[in-house]
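Colleague: Okay, here's what each chain looks like letter by letter:
Number of protein chains: 2
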Amino acid sequence: MSNPALQYVNSRIHPEKLKQFCIEALQAAGLSSDHAEQTADVLVTTDAWGTFSHGSRQLVPLLNNLRKGGLKADAQPEIVDQGSGFVVVDGHFAMPMVTSRLAMQAAIDKARSAGIAYAAVRRSGHYGAAGYYAVMAAEQDMIGLSMTNVDVCMTVPGARAPVIGTNPLAYAVPAGTERTVFLDIATSVVAISKVIAAKTAGKPIPEGWLVDELGRPTTDTSTYPDKGAILPMAGHKGYGVALLIEILAGVLTGASFLSGIKPWLVPDPQPADEGHAFVAVNIESLIPIDTFKARMDAMIGEVRSAPKAEGSDRIYLPGEMEWERFDLAHKNGIQLPDYVLINLFSVAEQTGLTDRLIAMLEEE
Amino acid sequence: MSNPALQYVNSRIHPEKLKQFCIEALQAAGLSSDHAEQTADVLVTTDAWGTFSHGSRQLVPLLNNLRKGGLKADAQPEIVDQGSGFVVVDGHFAMPMVTSRLAMQAAIDKARSAGIAYAAVRRSGHYGAAGYYAVMAAEQDMIGLSMTNVDVCMTVPGARAPVIGTNPLAYAVPAGTERTVFLDIATSVVAISKVIAAKTAGKPIPEGWLVDELGRPTTDTSTYPDKGAILPMAGHKGYGVALLIEILAGVLTGASFLSGIKPWLVPDPQPADEGHAFVAVNIESLIPIDTFKARMDAMIGEVRSAPKAEGSDRIYLPGEMEWERFDLAHKNGIQLPDYVLINLFSVAEQTGLTDRLIAMLEEE
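Those protein sequences? They're chains W and F, same order as listed. Going left to right, the first sequence walks through residues 352 to 715 as my numbering numbers them. Going left to right, the second sequence walks through residues 352 to 715 as my numbering numbers them.
It is worth saying that the hints were derived from the structure and are not from the lab. One or more hints might be untrue.
Just so you know, same-sequence chains aren't split out, so a pair can sit in one copy or run between any two.
[Said to hold, decoys possible] Derived pair list, reagent style DSSO-like, types lysine-lysine, alpha-carbon separation capped at 27 Å:
no.: 1; residue 1: K659; residue 2: K578
no.: 2; residue 1: K644; residue 2: K659
no.: 3; residue 1: K644; residue 2: K613
no.: 4; residue 1: K550; residue 2: K613
With the sequences and hints as input, model every part of the structure.
Modeller: Put into structure tokens, the structure is as follows:
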């Protein structure tokens with residue numbers, strides 16, 4: 352029998368309604384209304400961008416972490432050290448979205464007078480989409496950078512097994528009449544979810560994505576992820592960037608690093624102790640903000656109007672696709688993919704919110 | 352008749368001697384002894400790392416820029432604005448290595464109390480190997496980042512012509528008993544020099560390096576670089592990183608950006624107006640430096656001892672190959688590749704230093 356969630360694959364749900372569902376589910380799992388609201392905002396903004404892999408579907412593992420002790424529902428992140436251009440935040444294993452918002456906002460506040468500020472976060476966990484926190488800075492006329500280490504799953508040149516995480520890098524930069532330029536990338540050649548999707552579909556993958564258990568290039572996903580490992584983007588270059596993020600987010604912050612990070616997507620997760628690094632650059636310290644925004648618009652215009660490749664009718668700026676999806680989501684509601692619906696119905700069942708979710712999906 | 356320089360392809364020259372030659376050549380081109388010494392140190396450190404493409408061979412275009420007005424031999428870089436965590440440097444088209452050293456040192460000095468600092472540089476030119484400035488920070492117990500924009504030569508997804516430069520990113524991080532981890536990469540899939548080398552050898556290149564004049568993938572180098580363009584590393588990811596560097600080094604600093612940057616490798620160069628961005632993070636502000644270094648050693652040890660791929664007997668950390676070459680260069684002298692020797696002999700001829708260069712090469 353097919354999953355009852357699947358009858359809603361053609362439904363649409365407004366982001367505000369989806370956010371309300373996330374808030375209620377997180378409160379049912381023990382979060383304060385404030386922490387639930389902050390977490391829901393990260394998840395649903397991510398869904399509205401169309402990055403469903405990191406949106407509300409993550410309620411399932413987040414709730415499991417709250418239940419099993421990987422995250423602490425009643426913990427509060429704390430600034431444990433600070434100076435004119437930096438803060439150190441101990442997450443105390445509170446919801447990583449709450450910790451990360453606090454840390455990025457602290458960096459933004461420090462950067463206002465210092466010009467640039469760095470927030471180091473330790474004792475945190477999976478913080479969702481890295482780009483969310485970078486965009487916080489852009490919305491306050493700053494350039495934002497967001498990085499985290501994650502549990503090992505990627506190999507490096509010369510190795511055959513997972514050595515490092517797919518440590519993501521995100522940035523956001525405000526423009527004038529143009530939308531905020533923003534990028535959120537894993538440092539792997541491709542998202543692991545794409546390898547799993549090919550495996551589920553029984554399809555081979557392109558060369559260059561995966562090595563087998565002997566470290567040889569493979570297009571066969573049949574033994575992954577038990578054996579083999581995903582490759583960094585651009586070979587030694589992606590390895591080097593992933594290692595920089597491991598250092599800025601893990602080694603420097605006092606968080607765990609490499610194999611010290613506990614996996615969060617397991618049945619019985621322990622505190623992951625991921626570390627995050629946030630940087631805010633106050634544009635106005637360096638150049639009048641209006642001048643900067645006009646220069647950004649000029650740069651964007653030049654990229655967009657470059658001669659097109661055969662078969663291409665458009666050049667996208669980083670983040671442009673996401674903002675178009677975001678606008679459509681807020682206008683017409685979000686059409687959730689089947690796997691997100693299945694996850695949400697599972698959460699609804701755990702939290703007694705099934706009727707509430709169905710009503711929200713049917714209302715639109 | 353073969354180039355007389357080529358009889359020295361098996362010679363070795365000690366880095367200190369090569370540096371002395373560079374100093375004399377730069378002074379002959381009008382630089383002060385101080386500026387000549389600083390510039391030579393950048394070029395020869397780069398040669399000692401084995402990154403010959405960015406070492407002393409660049410004396411030829413640097414001297415041409417000094418002669419034609421692309422660079423000003425008597426100009427001095429100037430700090431034109433500053434705050435607790437930032438400086439803005441106007442290079443006044445002085446030697447970019449001198450400007451960049453001043454800017455990175457200013458960032459390091461600011462970071463000592465602020466925790467992190469950013470140096471913005473405008474009105475500069477080709478600064479050589481990005482990694483040199485990052486290593487300056489590491490030698491002072493800081494994490495260093497170094498970025499620059501360069502004249503357009505790389506296309507982006509959807510385009511067919513050059514849109515942006517191969518904007519390099521470099522970082523350096525000190526360790527304890529281990530060597531400084533450092534990476535210096537262009538954001539293109541491969542260095543343009545490798546495409547040119549394949550073209551010279553009449554060989555095809557792998558797919559994924561180049562597009563032709565219609566933006567189609569090609570392995571044919573015959574019309575490059577007149578037509579076609581090199582691709583970013585990792586597709587949209589490398590494009591996004593190159594654009595971040597364009598913003599941090601160009602849009603934010605007040606330097607030129609994208610097509611506004613003048614090419615420096617032309618017969619009659621104008622001031623390039625490249626911009627640079629340097630960041631220094633003071634480790635001790637965040638974590639005791641000895642703790643950090645021990646954590647770096649642990650991280651490095653874990654990466655190095657990972658299970659090896661079939662056919663691999665070693666996993667390199669970023670910078671490890673460079674430091675091994677550096678140590679050998681200082682022990683045994685540098686064996687300069689033919690194209691570097693040809694460039695040095697050309698410089699020697701222009702500056703009346705041919706006998707001096709020959710004596711240095713024969714002495715070893």
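Colleague: Enumerate the violated hints, using their earlier numbering and listing them in ascending order.
Modeller: No numbers; nothing is violated.
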